[in-house]
Every structure is written in structure tokens, then in C-alpha cells.
Amino acid sequence: MFSLKKVKICIIGLGYVGLPLAVAFAKKYDVIGFDVKKERVQDLKDGIDRTLEVDSKELASVSIEYTSNIEDIKKANIYIVTVPTPIDEYKNPDLQPLISASKTVGSVLKKNDIVIYESTVYPGCTEEVCVPELEKNSGLAFNRDFFVGYSPERINPGDKEHRVNTIKKVTSGSTEEIADFIDNLYASIIDAGTHKASSIKVAEAAKVIENTQRDINIAFVNELALIFDKMGIDTLEVLEAAGTKWNFLPFKPGLVGGHCIGVDPYYLTYKAKAIGYHPEIILAGRRMNDNMGKFVADKVVKLLIKKDHTVKGSRILILGVTFKENCPDVRNTKVVDIVKELEEFGCNVDIFDPIADKDELKKEYGLDLINNIDENLNDYNAIVLAVGHKEFDEIKRKIDKRYTNQVIYDVKGFFNKEYVDDRL
Numbered sequence: 048m049f050s051l052k053k054v055k056i057c058i059i060g061l062g063y064v065g066l067p068l069a070v071a072f073a074k075k076y077d078v079i080g081f082d083v084k085k086e087r088v089q090d091l092k093d094g095i096d097r098t099l100e101v102d103s104k105e106l107a108s109v110s111i112e113y114t115s116n117i118e119d120i121k122k123a124n125i126y127i128v129t130v131p132t133p134i135d136e137y138k139n140p141d142l143q144p145l146i147s148a149s150k151t152v153g154s155v156l157k158k159n160d161i162v163i164y165e166s167t168v169y170p171g172c173t174e175e176v177c178v179p180e181l182e183k184n185s186g187l188a189f190n191r192d193f194f195v196g197y198s199p200e201r202i203n204p205g206d207k208e209h210r211v212n213t214i215k216k217v218t219s220g221s222t223e224e225i226a227d228f229i230d231n232l233y234a235s236i237i238d239a240g241t242h243k244a245s246s247i248k249v250a251e252a253a254k255v256i257e258n259t260q261r262d263i264n265i266a267f268v269n270e271l272a273l274i275f276d277k278m279g280i281d282t283l284e285v286l287e288a289a290g291t292k293w294n295f296l297p298f299k300p301g302l303v304g305g306h307c308i309g310v311d312p313y314y315l316t317y318k319a320k321a322i323g324y325h326p327e328i329i330l331a332g333r334r335m336n337d338n339m340g341k342f343v344a345d346k347v348v349k350l351l352i353k354k355d356h357t358v359k360g361s362r363i364l365i366l367g368v369t370f371k372e373n374c375p376d377v378r379n380t381k382v383v384d385i386v387k388e389l390e391e392f393g394c395n396v397d398i399f400d401p402i403a404d405k406d407e408l409k410k411e412y413g414l415d416l417i418n419n420i421d422e423n424l425n426d427y428n429a430i431v432l433a434v435g436h437k438e439f440d441e442i443k444r445k446i447d448k449r450y451t452n453q454v455i456y457d458v459k460g461f462f463n464k465e466y467v468d469d470r471l
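Residue numbers (this note's numbering): 48 to 471.
Watch out, some of these pointers could steer you wrong.
[Claimed, not checked] DEER-style ranges, computed between Cβ atoms:
#: 1; residue 1: Glu438; residue 2: Asp227; range: 27 to 35 Å
#: 2; residue 1: Lys292; residue 2: Glu411; range: 28 to 36 Å
#: 3; residue 1: Ile146; residue 2: Lys387; range: 50 to 58 Å
#: 4; residue 1: Lys354; residue 2: Ile146; range: 28 to 36 Å
#: 5; residue 1: Lys354; residue 2: Lys387; range: 20 to 28 Å
#: 6; residue 1: Ser154; residue 2: His325; range: 38 to 46 Å
#: 7; residue 1: Ser235; residue 2: Asp440; range: 54 to 62 Å
[To be verified] As a list, the in silico DSS-like pairs of lysine-lysine whose alpha-carbon atoms are at most 25 Å apart:
#: 8; residue 1: Lys248; residue 2: Lys320
#: 9; residue 1: Lys248; residue 2: Lys138
#: 10; residue 1: Lys138; residue 2: Lys410
Note that these hints are calculated values from the structure, not bench results.
Quick reminder that beta carbons are idealized off the backbone N, C-alpha and C, glycines included.
Could you build the full structure based on these sequences and the hints that come with them?
In C-alpha cells form, the structure reads like this:
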């Protein structure tokens, strides 16, 4: 009944996850790319990817039908949902994008179609939240008329080495036959191979703990950074020394933002509390990581005072505002916490980031970027390197020419140690 030769795939959501996946599938199958943002669709038709995940040459190498018209996706028989799953202001899962995508797919669903979810969710969400929306909007019966799978995304934005086809893929399906079919579908494009989970819930749980584990490990080294700061010890030197042991895990302190590590743990803790268990370690790690922006701002202020600067009115330059290096994404960036805290101290803060999505930054946080800094580095009382973009390499070569009373704080260990006043 199900054959790879008859596959026509529709990717729902063409962001950091959906577009690379669409390109990978389009090298072998007919692919429709659907996104509700018409400007995003037009950009892709013009061969432009503003997320910087797929270059124009690779986009031009495949044939994808980009659309924001629901009528155009009716001809597909495999629907893969790759929409964001953020959290709300109370740090609870915001499932509206997922529910909306499920309603859209449900409205075009046909007998024997398969819907695969890649968005990060809590265990049980696919079958408890998404499937009912598919049934309600299609009038079809789950596991009789249509089928569902879950294959969690593992995209690492900005990473040009670990791509869709080089990362092992976890797969699952709502029946044994569908699980095999979905596994074979992904195996046909994934060079690194697949891992078929025993159930959709297992696959969902595997995804949500991947980033939760990283979050807790980073929280541990962030706490070490706070302790060693009080002791006058350089944390990165300690980690370098400890890293000489073969089984020491190479995590570094830092700001934990973005739409994965800083968000996914709340999906797991939400579900845990819903079933009557209060998670201690996971939430403690979240609290630690969420407070690191304030710690950095406080350190900068103390260094300003130490160098006899008047804090109120000090000019401070923040280098980098995205949630990670070499990526334009500003969603849930914790650099904003540094900016807001310094502004509360009365500092005048400029932000320079040559690759950040300035429109999204303005929309989400009300912040503007300055256009250039080459001639003005010495005009600032303090410089804070918050994100280690490769575009800042030239600044790294200039930073030793600063005037001696300027404060340099390095969040990422990007500059040479001898040229900074302190680092995280």
C-alpha cells in the first residue's frame, strides 16, 4: 500500500528546520514547501535564504514548489510538520503553531496520507494534541484512514558540518508498518542512518531530553563560573586543565538562549508537572542559565567602577546579539538580558551584529543595531563580546590597540586572555 516510488512530500514550515529538510528530500522526491509567511516564500522563489542555512547554489540545484496557498498542497501524500514550538511568557509550551499546522494539514488530508511531525514536543503531544486536530479537520479516522509518525529534528543552526544527511535520524510511526515506511523514507536521504524507536512517545522523549541534558551540563559549568569568579580563578583555564582527563565532558559556561536548549526543558517539565511530578534538577538548571545575563551585566558594572568610570551615562558596546555564533536567529537570545540590565544601570548601550535579523530584533525586543564600529572602538567605556561571530575576527586583531582604561569583557572566550579584563 505504501511505496517510496509514489511519494510526494509537503514540508509545512520553511524555517531553520524545514528548508534544509525540503532541500534534502528534493534531491530524490517531488517536494512542496509550504509556509504561511508570503515574504519567506517569495524569498525562496528568488533563491534567497535569510536564515543562511542553505546557500543560493544549493537552492538552485533542486526543484521545490514553494507556496503559501493551501490548495497547492492537496496533491501531497506525505506531510512533514516543522513549525516552531516556543514557550509563552509563563514558560509553558505554546502549541498554537503546531495546532495551526495540524488544522491546515487536516483540511487537505486524504485516505492513506501520512503526517510526520519533527517539531520538539513533550512525550504524548503528537497523539494527544495533533492527532485530534487532524481527525477533526479531515473527518478521517486515525490509523484507519490516515497515519502519523514522529521524527525529531536535529538541526544545529549555523553549523555547516552537521547537516540533515550527516546526522543520525530517530524515526517512529503510529503502526508497525508505518514505522517501517517512515524509517525507510528517511533512510533514503540520511547518510548517517536512522534509529527506529519503538513508539512515537519514545521518539518524542528522546528529542526533548537531548537539549535538556545539554542545558543541565551548561548550568553546571555556569555555576562553576560563579564560584570561581568569587575565588579569582579563570574558569576556562580550570576547564582546560580538567579536560585533559579522557572522560571529562567539554562544556563551557555561557548564555543559553535560542529555540532549543533554552526552551525544550520547559516542555518536559510541563508534562512532568501535569502527571504530578515536580522536576528539581531540570528547573534548577533553567534558573541558573536564565540568570547568566544579569551576572555578566553586574560584572561589567563592577569593572567600570574599578576603572573609575561613572556607570550612569557610560557608553557600552555589545558585540553580537544572536542566540549563537554565525547564525542570524535572535529568538530567545539571552544577550538581550545583558542589554536590559545595563540600561537599568543607566548605561548607553550600542549593539553591533553584522548578521543578526535586525527586523526581528526590533519586533521582538524593540532594539536597534548600529551599522558599523570600525573607527569608534575607543569611544566606548566598555566592550562586551557576547557572541563569537567569525565576522569579529578583525576586531580580535584590533582589540589590543584599545586605550588602557577601557573595560573589555569576553562572554565567549573569543579574545586573547591578555587583552581582556575578565571573561565568563
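Right, here's what the structure says about each hint:
no. : hint                        : in the structure
1   : Glu438 / Asp227: 27 to 35 Å : violated, 46 Å
2   : Lys292 / Glu411: 28 to 36 Å : violated, 41 Å
3   : Ile146 / Lys387: 50 to 58 Å : violated, 31 Å
4   : Lys354 / Ile146: 28 to 36 Å : violated, 53 Å
5   : Lys354 / Lys387: 20 to 28 Å : holds, 23 Å
6   : Ser154 / His325: 38 to 46 Å : holds, 39 Å
7   : Ser235 / Asp440: 54 to 62 Å : violated, 40 Å
8   : Lys248 / Lys320             : holds, 17 Å
9   : Lys248 / Lys138             : holds, 22 Å
10  : Lys138 / Lys410             : holds, 20 Å
Hint violations for this structure: numbers 1, 2, 3, 4 and 7, all remaining hints satisfied.
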